[in-house]
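In this note's numbering, the protein residues as written are 176 to 578.
Treat each hint with caution, since some may be false.
[As the list claims (entries may be wrong)] Taking lysine-lysine and the DSS-like style, the derived pairs with C-alpha atoms no more than 30 Å apart in a straight line are:
| no. | residue 1 | residue 2 |
| --- | --- | --- |
| 1 | Lys-361 | Lys-214 |
| 2 | Lys-381 | Lys-445 |
| 3 | Lys-361 | Lys-181 |
| 4 | Lys-214 | Lys-335 |
Note that these hints are calculated values from the structure, not bench results.
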Amino acid sequence: MKLDMKKTFILGLGFFGINLLWPVYNAFVPIMLEQYTKKAALIGLIITIDNLFAVVFQPIFGAMSDRTKSRFGRRMPYILIGMPISAILFSIIPYTNSLATLMLTIIIMNFTMSVYRAPTVALMPDITPSPLRSKANGIINFMGGLAAVIAYLFGGLLYKTNPSYPFHLSSIVMIIALFILFIFIKENTDYTIEKKIKEKNRDVGKTRSLIFLLLAVFFWFSGYNAVETFFSLYAQYVLNIDPSMASILLSIFSASFLVFAIPSGFIGTKFGRRKTILMGILGVVITFSPLIFIKTVPLISVLFVLGGFFWALININSYPIVVEIAPKDGVGTHTGYYYFFSASSAVLSPILFGFIKDLIGSYSILFFYSVISFVIALFCMSIVKHGDVNYDGGKELVLEINS
176 MKLDMKKTFI
186 LGLGFFGINL
196 LWPVYNAFVP
206 IMLEQYTKKA
216 ALIGLIITID
226 NLFAVVFQPI
236 FGAMSDRTKS
246 RFGRRMPYIL
256 IGMPISAILF
266 SIIPYTNSLA
276 TLMLTIIIMN
286 FTMSVYRAPT
296 VALMPDITPS
306 PLRSKANGII
316 NFMGGLAAVI
326 AYLFGGLLYK
336 TNPSYPFHLS
346 SIVMIIALFI
356 LFIFIKENTD
366 YTIEKKIKEK
376 NRDVGKTRSL
386 IFLLLAVFFW
396 FSGYNAVETF
406 FSLYAQYVLN
416 IDPSMASILL
426 SIFSASFLVF
436 AIPSGFIGTK
446 FGRRKTILMG
456 ILGVVITFSP
466 LIFIKTVPLI
476 SVLFVLGGFF
486 WALININSYP
496 IVVEIAPKDG
506 VGTHTGYYYF
516 FSASSAVLSP
526 ILFGFIKDLI
536 GSYSILFFYS
546 VISFVIALFC
556 MSIVKHGDVN
566 YDGGKELVLE
576 INS
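Whole structure, please, built from the sequences with the hints as guidance.
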C-alpha cells in the first residue's frame, strides 16, 4: 500500500493557503487594532477570537460535515462556502476605517474560517488509507509550516511597501488553493473494509482511550502554548536578551519541527503512532527539563533543535491517532473534538500561566510549568490503548480513491 503523493501534496495546498493567512493576521492585525485602542486586553481578546471560535464552532461544523451528503461530497460544500468568503474578508481588513468595522470584519472572517477548517482537515483521513495517515499528515504539516515561514519572511517586506499587500497575497493564494482542491480532490464515500471487528466489545475501551488521548492533547498543547506565548518575555526578564533573539530562538524550534515533520510521519508508520507519541512526549520532558536551569543561548538553541524534533513526533501523529479511533462516519466529529481540546489549551493555558506568574512574580517558572504539563500528558497517553492500525487475519483495509 503506497501513499498517493500527488493527492497528498494537493491537499497540502489547502493547508498552505490557511497557514499563509495566520502569520499575517497575528503580525499585522494587532498593529491595526492599536490605531483605535491602546487596551492590550481588548487587542488580545480580538486576536485570540480564532481560538474561541475553534472551541465553539469547529466541533459543530466537523460533525455537520459527517452528516452532509451532496454531489460535491461531505467536506467540500463547507470549503466552497467558507474559504472564498474568508479570503474576501481578509483582504478587506486593511481598508476598515474604525474599530467597529475592523472588529466586525475580524469576527465574521473567523466565523467563516471555523466553517471549513475542521472539514478541510477531515479530508485527509477521508482520502488516505488508515495505515498511511501519519505519513500524509507529516507532508501536510510540512506544507503548512512552509507557508508560515514564507509569510514571516515576505510579509514584512510586503507590509513596508503597502500594508494591504500581505493581506491580498494571502487571499489570492487561498483562492488558488481552493480552485486546485476543487479540481483535483474528488471526495469518495465508498469504503471497502475487509476486516470484521466486534465493535461492541471494544466500545468501552475505545471511549476510554479517546478521553485520555484528548486530555493528553490538551496538556501537551498547554505546555507548548505557554512557551510560545511567554518565551519572549522570559527571554527579556530571565535570560536578559533582546526580544529579537527570542524570536530567533523560537524560529529554531519551528524550523526543527518543519524539517522533521515528514520523517516523523514515517517513524509513526513504522513504529506505531502511540509509541512514537510517547517517545516524543518523553523527549520533550527530557529536553525542556534542563531549560529550567540553563540560561545560555547556545545551549538553549541546541535543546530547541531537539525539542522541535520531539514535538514533531507528537504533533504529526496525534491527529491520525484520534481519527483512527473514530467510526467511519465520525471523522469530522472527532476532528472537531481534536480542535476543541487543542484550541481550549491555547485559550486557557496562557491565562493559567499568567495567573501563576503573577502569584510568584517571575517568568522563571515557564519551563517548569511546561514540563509539568507534558508529564501529565505522558500519564494520560500511557493509558491510551487504541489508535494504531491493526489488521485482522492479515486482511488489509482498502480505500478506493477517485482519480
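Status of the hints after comparison with the structure:
1. Lys-361 - Lys-214: 47 Å, violated
2. Lys-381 - Lys-445: Status holds; Cα separation ~22 Å.
3. Lys-361 - Lys-181: Given that 30 Å is the threshold and the Cα spacing comes to 13 Å, the pair holds.
4. Lys-214 - Lys-335: Holds: Lys-214 and Lys-335 sit about 25 Å apart, inside 30 Å.
Going down the numbered hints, you'll see the structure goes against just number 1.
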